[in-house]
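Engineer: Sequence:
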Amino acid sequence: MEVASVPATGLAGSLALLEEALRNGEPVPATFSDRLRKAVEAGDIEVLVARAEDQILGVAVLAYHLNISAGILFASIEDLYVRPEIRRQGIGRALLRTADERCTQQDISYLEVQVEETEAETFYTALGYGPEPGVRVLSRSLPISNTKT
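Just so we're aligned: 1033 in the numbering used here is position 66 of the sequence shown, and the numbers increase by one with no gaps anywhere.
What the hints contain is simulated information worked out from the structure, not anything from laboratory work.
By construction, the Cβ of each residue, glycine as well, lies at the ideal position given by its N, Cα and C atoms.
Errors might be hidden in some of the hints.
[As the list claims (entries may be wrong)] Calculated pairs, SDA-like style, for lysine to any residue (alpha carbon to alpha carbon, straight line, at most 20 Å):
#	residue 1	residue 2
1	Lys1005	Leu1033
2	Lys1005	Asp1021
3	Lys1005	Ile1035
4	Lys1005	Leu978
5	Lys1005	Met968
6	Lys1005	Gly1057
[Said to hold, decoys possible] Cβ-Cβ distance ranges computed for the label pairs, FRET-style:
#	residue 1	residue 2	range
7	Thr1071	Ala997	32 to 42 Å
8	Ser1108	Glu1020	21 to 31 Å
9	Met968	Glu1088	22 to 32 Å
10	Ala988	Tyr1096	19 to 29 Å
11	Lys1005	Gly1095	30 to 40 Å
12	Gly1097	Thr976	35 to 45 Å
13	Thr998	Gly1038	29 to 39 Å
14	Ser972	Ala997	35 to 45 Å
15	Glu1052	Gly1101	33 to 43 Å
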């Protein structure tokens, strides 16, 4: 198995796996796909793919962010998915190890992830992730117009 960063021109396979798993097969809108490609080209997002032969086994999406108050760059795991039939074989660990390496190369010492499921929390906790003291995640939904392209 190999884990590698996907160039902006090669996102189709990894995006298809995430759409199948996380969006019930529904493709992301073309405008989103274009934004993703541009973010990868700009270095704001990195898509990591675990592959054996020609099959994609898992995908991790790593986003890089600026934190003005701390004066640092930090990273977040936006999505991590491993095919269910091959879980618990070290693929997710390999994806996170590569994410750690990418962060180290960029002098990033803070990597975060938000989880919704107990199984995901257990996975990340086993790899050294823990709750961030004093931080609460709040969100708000905003109405959007579909007239933008």
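Engineer: Now look at each hint and say whether the structure bears it out.
Structural biologist: How the hints compare with the structure:
Annotation: proposed proximity of Lys1005 to Leu1033 holds, straight-line Cα distance about 18 Å (limit 20 Å). For the given pair, Lys1005 sits about 25 Å from Asp1021 by alpha-carbon distance, which is inconsistent with the 20 Å threshold. At roughly 23 Å between alpha-carbon atoms, Lys1005 and Ile1035 are farther apart than 20 Å, so this suggested pair is violated. Proximity of Lys1005 to Leu978 is assessed by CA-CA distance (about 11 Å); at most 20 Å being required, the pair is judged to hold.
Between Lys1005 and Met968, the direct Cα distance comes to roughly 28 Å. Violation of the 20 Å bound is thereby established for this hinted pair. Of the pairs offered as hints, the one joining Lys1005 and Gly1057 is violated, with about 30 Å between alpha carbons and a cut-off of 20 Å exceeded. For Thr1071 paired with Ala997, a C-beta distance near 35 Å keeps the hint of 32 to 42 Å intact. Distance hint check for Ser1108 and Glu1020: the Cβ-Cβ separation is about 42 Å, which falls outside the suggested range of 21 to 31 Å.
Between Met968 and Glu1088 the CB atoms are about 25 Å apart, so this pair conforms to the stated range of 22 to 32 Å. Between Ala988 and Tyr1096 the C-beta distance comes to about 21 Å, which sits within the given range of 19 to 29 Å. Look at Lys1005 against Gly1095: about 32 Å separates their beta carbons, and that is inside 30 to 40 Å. A hinted range of 35 to 45 Å holds for the C-beta pair Gly1097 and Thr976, which are about 37 Å apart.
The supplied range of 29 to 39 Å is met by Thr998 and Gly1038, whose beta-carbon atoms lie about 33 Å from each other. Ser972 and Ala997 have their C-beta atoms about 23 Å apart, which leaves the hinted 35 to 45 Å range violated. Between Glu1052 and Gly1101 the C-beta distance comes to about 39 Å, which sits within the given range of 33 to 43 Å.
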